[in-house]
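Residue numbers (the working numbering), protein chains in the order written: chain A, 1 to 400; chain B, 1 to 252.
Calculated directly from the structure, the hints in this document are not laboratory data. Note that the structure is a prediction, hence the values are computed from the model and not measured. A few of these clues could be false.
[Said to hold, decoys possible] Here are some chain A residues pointing at chain B (derived, C-beta under 8 Å):
1) G304
2) T310
3) T312
4) A314
5) N315
6) L317
7) Q318
8) V321
9) G323
10) P326
11) P330
12) P331
13) I333
Built from N, CA and C at the ideal position, the CB exists for glycine as well.
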Amino acid sequence: MGMDAARTTGKPKSPGAEGHPAPRPLAAFVRTFLTFLVLALVLGYGWRVTQINVHDLVVNVPRIRPLVRDLLSPDVLERKTEVQTVRTPIYVPCAGGQAPASASAAPGQAYLTLDKPCMEPGQTVRVEGFNFRPSTPGFIRWIPANGAPHTLDRIRTDANGHFAITITAPDVEPASEPHHVEAEVQWGVGLPYPSEALVITVQRMVETVFLALMATFFATIVAVPLSFLAARNVMPRNPVGTFIYYVMRTVFNALRSIEPLILAIVFAVWVGIGPFAGVLALAVHSIAAVGKLYSEAIEDIDPGPIEAITATGANPLQVIVYGMIPQVIPPFISFTIYRWDMNVRSSTIIGMVGGGGIGFILTQWINLFRYRQAGTAVWAIAIVVAIMDYASAKVRERVL
Amino acid sequence: MLVIENLSKVYPGGVQALRDVNLTIKDGEFVVIIGLSGSGKSTLLRCINRLVEPTSGKVLWDGRDITAANPEELRAIRRQIGMVFQQFNLVKRMSVLTNVMAGRLGYVSPWASLLNQFPKAERERAMRCLERVGIADKAHVRADQLSGGQQQRVGIARALMQEPRLVLADEPVASLDPATSHSVLKYLEELNRQEGITVLCSLHFLSLARRYGTRIVALKGGELVFDGLPADIDEKRFKEIYGEDAIEVEVA
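Let the sequences and hints guide you as you build the complete structure.
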């Protein structure tokens, strides 16, 4: 808006237009300046109240890396795993006189060697493993004398089943008992099978699609008759007809302006958290949305065929069936499918406030920091929405 | 015989479309109605089958008062009166055959027709009507796939399906090119000459009116200003009907 004003005032007016002298250059400059000043103040205030912080945006990029990595590697398939675990003792700190644990092992059996038998906290030690399963990833863990084990690093064996890694002894309490360094490699066996997260996601996705379907179905049943009451060419042009027409229009517009999200909160309180609340919320919103579209489709009817069928001596019902319904069926089907498509999209959001479906489980996983599972749900939503979008466009193309 | 007595029509907006029109049409005539746009031609045709309710006056057909008929009687009268429209008024998404069979709705069982079920005899009749206008090969094509001229022939076939004794044609060729106009009007002429169906047809072009009409009536501002033979319309009459500045345009 400010830009427009600046442009119009900045443009030199054609001189000599009668009664409209060109504005003085100074006045034009002041107006342009003031326009930009106001614009700058408005944007500046906006910048402050929305707490825009470019520094954090740039500096905190590493924070989202694990999140994005998990979302991009969704938890979809699982395999049974086998593990190979070997541990060897190490003394922290060195008490003296303690013999290093024997590194010998039976031929062909996996074993670990350390380059020193004991160490002080914070020192490094080189760990080597032999005869492990070749080319297999795994972890190296520290198992304190008393306390919970924790993972130090990832390892991967080479083609000979060997690995070498330098680790730093964690800050541990001194103990006379030995600590242990443990190496574990893992590999999958057998065929992959769907993970639990995938199974839940598919179940909830089906629930979501049907949630949207039921909402659309109820909305259609209610909206079809109501839409005739909101069609100018159907309602008689007497005070009663006009009154009903305006009431219906107002109801549709009012209902449409309430976000399904808010309706979902209301219905979740009313009928409890779950898909039924989502069905109700989407249905109420959809009644208004499709009702308005239906009534506009009815208003767009070509009166010609109705006139022609009437002129053949057909009865009123035949006139409706032959003259009117063929004209409104295609747009009605098109709007209904489009609404279903939109309801699938909305129901993912609805679920987050207690409307059931995939949104509900997605919110739970996010709150539990289970981002790989959340990733599964996010991918499922994206895929289903894309398919619905494509399919509904194709069907609507054919119907119209 | 169709007798129109003191027919007037005032639309709700206050527009007087017809003013005290008196007209008698004998069976078998091909009457062309001419006049400027808005002169009341369409209203006159629609008052005959009561697609438009006349404000006052009577329409008598073989002594029966159409204007006084109750809804059931009116439907029985309407099914004997075929109507052809400027915009063809076909149900675009239905097949040509179904559009033609819709002309039979006043005759067939109402309940079966609601499910789009027509007896075999009616299907055959519809095919014969389509053969009559030369587009039997298009029977199973969707109506909106046809050209304008073809659609109007479907419109004529639909009217034929009613086995009408009277056909009302409201500017049937106004949306068509001159060559197609002639082909469509020839079908109407054929029905008139061969079957003795009375035709009441409004036209824009005087040349077409002269060519096809056995009688011409002219409306101006809702009033009947001329009723006579095609040859009787000279320069003076023409200017009376169409206004002083009008120039006659020929259609090839």
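Hint check:
Evaluation of the G304(A) hint against chain B yields a held restraint, the C-beta minimum of about 4 Å falling below 8 Å. Among the interface hints, the one on T310(A) holds; its C-beta lies about 6 Å from the nearest C-beta in chain B, closer than the 8 Å criterion. Because the beta carbon of T312(A) sits about 5 Å from the nearest beta carbon in chain B, less than 8 Å, this interface hint is met. Of the supplied interface hints, the one on A314(A) holds, with its beta-carbon coming within about 4 Å of a beta-carbon of chain B, less than 8 Å.
With 8 Å as the threshold, the beta carbon of N315(A) comes within range of chain B, its nearest partner Cβ sitting at about 6 Å, so the hint holds. Proximity of L317(A) to chain B holds as hinted, the smallest CB-CB distance being about 6 Å (cut-off 8 Å). For Q318(A), the interface hint holds, the least distance from its beta-carbon to any beta-carbon of chain B being 5 Å, beneath 8 Å. For the restraint placing V321(A) at the interface with chain B, the shortest Cβ-Cβ distance is roughly 5 Å, inside the 8 Å limit, so the hint holds.
Among the interface hints, the one on G323(A) holds; its C-beta lies about 7 Å from the nearest C-beta in chain B, closer than the 8 Å criterion. The beta carbon of P326(A) is positioned within 8 Å of a beta carbon in chain B (closest approach about 5 Å), and the interface hint is therefore held. Because the beta carbon of P330(A) sits about 7 Å from the nearest beta carbon in chain B, less than 8 Å, this interface hint is met. Because the closest C-beta pair between P331(A) and chain B is about 11 Å apart, greater than 8 Å, the hint is violated.
Nearest Cβ of chain B to the Cβ of I333(A): about 12 Å, over the 8 Å cut. The hint is violated.
Figure legend: structure checked against the earlier numbered hints; hints not met, in rising order: 12 and 13.
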